Amino acid sequence: MTDSSGPQRGLGKPLVVLDDVNKHFGDLHVLKDINLTVHEGEVVVVIGPSGSGKSTLCRTINRLENFESGSITIDGTKLPEEGKALAQLRADVGMVFQSFNLFSHKTILENVTLGPVKARGKKPAEAKKRAMELLERVGVAHQAEKYPAQLSGGQQQRVAIARSLAMEPRVMLFDEPTSALDPEMINEVLDVMTSLAHSGMTMIVVTHEMGFARKAADRVVFMSDGAIVEENTPEEFFTNPQSARAKDFLGKILTH
Amino acid sequence: MLELIEQFNVLGAFWLNIRLAAVSFVLALVLGTVVAVLRLAPVGVLNWFGSTYVTLLRNTPLTLIIVFANLGLWAQLGLEFVPRDRPNFILENNFWLAVLGLTVYHAAFICEAIRSGVNTVPVGQAEASRSIGLTFPQSLREVILPQAFRGAITPIGNVLIALIKNTTVAVAIGNREIAYAMRNMIEFRPDAGLLIFLLVAIGFVALTLPVGLLTSWLSTRLAVKR
Numbered sequence: 001m002t003d004s005s006g007p008q009r010g011l012g013k014p015l016v017v018l019d020d021v022n023k024h025f026g027d028l029h030v031l032k033d034i035n036l037t038v039h040e041g042e043v044v045v046v047i048g049p050s051g052s053g054k055s056t057l058c059r060t061i062n063r064l065e066n067f068e069s070g071s072i073t074i075d076g077t078k079l080p081e082e083g084k085a086l087a088q089l090r091a092d093v094g095m096v097f098q099s100f101n102l103f104s105h106k107t108i109l110e111n112v113t114l115g116p117v118k119a120r121g122k123k124p125a126e127a128k129k130r131a132m133e134l135l136e137r138v139g140v141a142h143q144a145e146k147y148p149a150q151l152s153g154g155q156q157q158r159v160a161i162a163r164s165l166a167m168e169p170r171v172m173l174f175d176e177p178t179s180a181l182d183p184e185m186i187n188e189v190l191d192v193m194t195s196l197a198h199s200g201m202t203m204i205v206v207t208h209e210m211g212f213a214r215k216a217a218d219r220v221v222f223m224s225d226g227a228i229v230e231e232n233t234p235e236e237f238f239t240n241p242q243s244a245r246a247k248d249f250l251g252k253i254l255t256h
Numbered sequence: 001m002l003e004l005i006e007q008f009n010v011l012g013a014f015w016l017n018i019r020l021a022a023v024s025f026v027l028a029l030v031l032g033t034v035v036a037v038l039r040l041a042p043v044g045v046l047n048w049f050g051s052t053y054v055t056l057l058r059n060t061p062l063t064l065i066i067v068f069a070n071l072g073l074w075a076q077l078g079l080e081f082v083p084r085d086r087p088n089f090i091l092e093n094n095f096w097l098a099v100l101g102l103t104v105y106h107a108a109f110i111c112e113a114i115r116s117g118v119n120t121v122p123v124g125q126a127e128a129s130r131s132i133g134l135t136f137p138q139s140l141r142e143v144i145l146p147q148a149f150r151g152a153i154t155p156i157g158n159v160l161i162a163l164i165k166n167t168t169v170a171v172a173i174g175n176r177e178i179a180y181a182m183r184n185m186i187e188f189r190p191d192a193g194l195l196i197f198l199l200v201a202i203g204f205v206a207l208t209l210p211v212g213l214l215t216s217w218l219s220t221r222l223a224v225k226r
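These protein sequences, in sequence, are chains A and B. Per the working numbering, residue 1 is the first one in the first sequence, and the count goes up by one each step. Per the working numbering, residue 1 is the first one in the second sequence, and the count goes up by one each step.
Hints in this document: simulated from the structure, not taken from any laboratory. A quick note: this is a predicted structure, and the numbers were derived from the prediction, not measured. The beta carbon of each residue, even a glycine, is placed where N, CA and C say it ideally should be. A few of these clues could be false.
[To be verified] Covered stretches of chain A, going by a simulated chain B footprint (3 or more residues, C-beta under 8 Å):
| # | stretch |
| --- | --- |
| 1 | 78-87 |
| 2 | 112-122 |
[Said to hold, decoys possible] Subject to a maximum C-alpha distance of 25 Å in a straight line, what follows is the list of computed DSS-like cross-link-like pairs (lysine-lysine):
| # | chain 1 | residue 1 | chain 2 | residue 2 |
| --- | --- | --- | --- | --- |
| 3 | A | K106 | A | K146 |
| 4 | A | K146 | A | K129 |
| 5 | A | K215 | A | K247 |
| 6 | A | K106 | B | K225 |
| 7 | A | K32 | A | K106 |
| 8 | A | K122 | A | K146 |
| 9 | A | K128 | B | K225 |
| 10 | A | K122 | A | K106 |
| 11 | A | K146 | B | K225 |
[Unchecked claim] Partial list, derived from the structure: chain A residues whose beta carbon lies under 10 Å from chain B:
| # | residue |
| --- | --- |
| 12 | M95 |
| 13 | Q98 |
| 14 | F100 |
| 15 | F103 |
| 16 | S104 |
| 17 | Q150 |
| 18 | S164 |
Model the full structure from these sequences, guided by the hints.
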């Protein structure tokens, strides 16, 4: 049931591999024997009821959360415990948060150049040029000198995506990127994510946006109570869910 | 009143308080930041050093610290900040011993003020800085501390106000600042008792009031908009 069989559309080699990952919050077993392989260029959407552990799974992949047993490797490298090696590895793993988390005291442009300059050692002029290209790509270049609080939620989230892209990540994690947005701003963020998916970026996306899952995902992973219950292509999963829990979940969200 | 001011060099005495406060404040800011970083670091032994420092220094009377600087560090251990052959060696050395005492004492309070500032920074800011590959020192320097300082302006201002008034303790080791001048005035002009107290009190209000106004202004101006 938790077997992650090969790529669906001629995808690359395994990039993110979770092997029997377990995690507890006190008595609560939030991740139960998680096995998941994400291949280069693959877009995996993780869905499930709230409290199912999908956000925790996402945060565990770049070790914002610790885990107790099992292993996570990224391109064959095991996640280091802490320190410089972990920082280096995190630089390769982009993360987009539900609450954007742009650096409040820095301008939009500084938000995007900070990582490349400090963690990658890029020259400021070069980082700035690249940042402007990325801001252009997500459609907020004209706001470059403003501060995050002056932007709408949708704009902030697009900047957050640009900030991650500036690191030239191997894989990008999205932790409910549209859940804190006003409805009219959700699409502008999803559009950026969809074009990113089509450009070949490896993505792990925790979301409630079923439309995005249908349109952009190679594979849907359904989690419930800390375990991966079912995984399949979006088409198969949405039209023909196998487990009772997935049927129940889809029944609740797709009826209206 | 003018005659008192001239006769007992009240302005010169206050100037010494200002110098003590200014130098000690700058040094305490630096030391307090270092101690705060120790307390925030993800390393147990550094946390222990940081919290032991704060507990020890914050709970020791300032008079004790300053007298110890003089009798312990200088008289017993021979700590000297200026060459011995300077004509005002004792006065100058006592100035720096007082600065030392004031600095180490107030650094403990600055540290706690900065920590309260760190608590105003949402945890997501640290997570975002880690997720773009910044190391712990980098994320402190680039993201956490700049925001924490802005959130700590008011409590740091409170420490500065306390520090300015606490400079009067320096008289205990022979600094000729305002408490020293006041003692002389009371001794030689007992007829002017109330006026003397009023004079010194007004002087301190004149020094500390602008600090309070400045810090409230700064804390709104520099507030991090979220």
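Which hint numbers doesn't this structure obey? 7
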